[in-house]
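A.B. asks: Quick mapping for you: the protein sequence lines, in order, are chains A and B. Residues 1 to 106 in this note's numbering are what the first sequence lists, from first letter to last. Residues 1 to 156 in this note's numbering are what the second sequence lists, from first letter to last.
Hints in this document: simulated from the structure, not taken from any laboratory. Everything numeric in this text was worked out from a predicted model, so none of it was measured. Hints should not be assumed to be uniformly reliable.
As the list claims (entries may be wrong) - Okay, derived cross-link-like pairs now, EDC-like style, lysine to aspartate or glutamate, Cα gap no bigger than 20 Å in a straight line:
id : chain 1 : residue 1 : chain 2 : residue 2
1  : A       : Lys45     : B       : Asp39
2  : A       : Lys54     : A       : Asp82
3  : A       : Lys11     : A       : Asp82
4  : A       : Lys45     : B       : Glu126
5  : B       : Lys99     : B       : Asp39
6  : B       : Lys148    : B       : Glu126
7  : A       : Lys14     : B       : Glu115
8  : A       : Lys67     : B       : Asp51
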Amino acid sequence: MTKTKIRLNAKNGKTELKILIAHPMEHGRNRDPETQELIPAHFIKTLTVSQNGKTILSAQMAGSISKNPYFAFWLKGIANGDLIRVDWLDNQGLSGSAEQRLAEPS
Amino acid sequence: MTYSRRKFLHHATASGCYVIAACAGLMTPGQVFAEWAEDYFSPGKLEHTLDRLFAGADIADSAAISLNLPLIAEDGAVVPIKVASTLSDVESIAILVEKNPVPLAAIFTLSENTEPFVSAQLKMAETCDVITVIKAGDKLYSARQQVKVTIGGCGG
Numbered sequence: 001m002t003k004t005k006i007r008l009n010a011k012n013g014k015t016e017l018k019i020l021i022a023h024p025m026e027h028g029r030n031r032d033p034e035t036q037e038l039i040p041a042h043f044i045k046t047l048t049v050s051q052n053g054k055t056i057l058s059a060q061m062a063g064s065i066s067k068n069p070y071f072a073f074w075l076k077g078i079a080n081g082d083l084i085r086v087d088w089l090d091n092q093g094l095s096g097s098a099e100q101r102l103a104e105p106s
Numbered sequence: 001m002t003y004s005r006r007k008f009l010h011h012a013t014a015s016g017c018y019v020i021a022a023c024a025g026l027m028t029p030g031q032v033f034a035e036w037a038e039d040y041f042s043p044g045k046l047e048h049t050l051d052r053l054f055a056g057a058d059i060a061d062s063a064a065i066s067l068n069l070p071l072i073a074e075d076g077a078v079v080p081i082k083v084a085s086t087l088s089d090v091e092s093i094a095i096l097v098e099k100n101p102v103p104l105a106a107i108f109t110l111s112e113n114t115e116p117f118v119s120a121q122l123k124m125a126e127t128c129d130v131i132t133v134i135k136a137g138d139k140l141y142s143a144r145q146q147v148k149v150t151i152g153g154c155g156g
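Could you build the full structure based on these sequences and the hints that come with them?
C.D. replies: What follows is the structure, encoded as structure tokens:
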């Protein structure tokens, strides 16, 4: 149901990290258009970015982030071969992750 | 009963080792998650959220923050935002939407391996200000911009 995609892009000694997560991000105040029942809250609470196992960025969020969240960050001090990993956890206990090694710039 | 210095040190060392061992055992990659502060994300007014986030500390407007937002959002469900700053020692970037039921959208904690930059997408319930608060070197700086929402992001 949920998919996590990341992309690393090295530019001028810095590394761009783009994250795309397939997630409903329901804040719990929307109603089902047919049954008029409240759709239960279902949103990502925490997201972390790690470099070779060490956390370099962490985020806390809630239902004000759009559905299928997209994030972009600029990382520095990332060497070729370093493993960048993204982990997230939502309010229903679901989690997801994706990882990628920084490759030689082509 | 008196608690001798020798006994205290002995106990302190033993329990200290235990704590370190426990942490080491728990902190396997992929399981390290930042705490989620529930009171930051409780519904309420923007001022109250800012108080809970920063304990009433002074927040100064800063020209060193660039806030990239559309002036008019046709769809309040997806409002792209980019925050960048030339401030040094940036520790965290918070993004808030003034009139959303839960004003805080997200707070990002940075490190020396991240540039003071965040790009994300917000939901906006109605036309209002979007505020970013940056913590840098134990001081708080902010920038804000109004976004006109023509279709609400909360089913409106």
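A.B. asks: Now tell me, hint by hint, if it's right for this structure.
C.D. replies: A quick look at each hint next to the structure:
1. A C-alpha spacing of about 13 Å is found between Lys45/A and Asp39/B, which places the hinted pair at or below 20 Å, so the restraint holds.
2. Of the supplied pair hints, the one linking Lys54/A and Asp82/A holds, its CA atoms being roughly 11 Å apart against a limit of 20 Å.
3. The suggested pairing of Lys11/A with Asp82/A holds, with an alpha-carbon distance near 15 Å, which does not exceed 20 Å.
4. With a CA separation close to 23 Å, the supplied pair Lys45/A and Glu126/B exceeds the 20 Å bound.
5. A threshold of 20 Å between alpha carbons decides the hint, and for Lys99/B with Asp39/B the separation of about 17 Å falls inside it, so the pair holds.
6. With a CA separation close to 7 Å, the supplied pair Lys148/B and Glu126/B stays within the 20 Å bound.
7. Restraint check for Lys14/A and Glu115/B: the C-alpha separation of about 9 Å stays at or below 20 Å, so the hint holds.
8. Restraint check for Lys67/A and Asp51/B: not satisfied, since their Cα atoms lie roughly 28 Å apart, outside the 20 Å limit.
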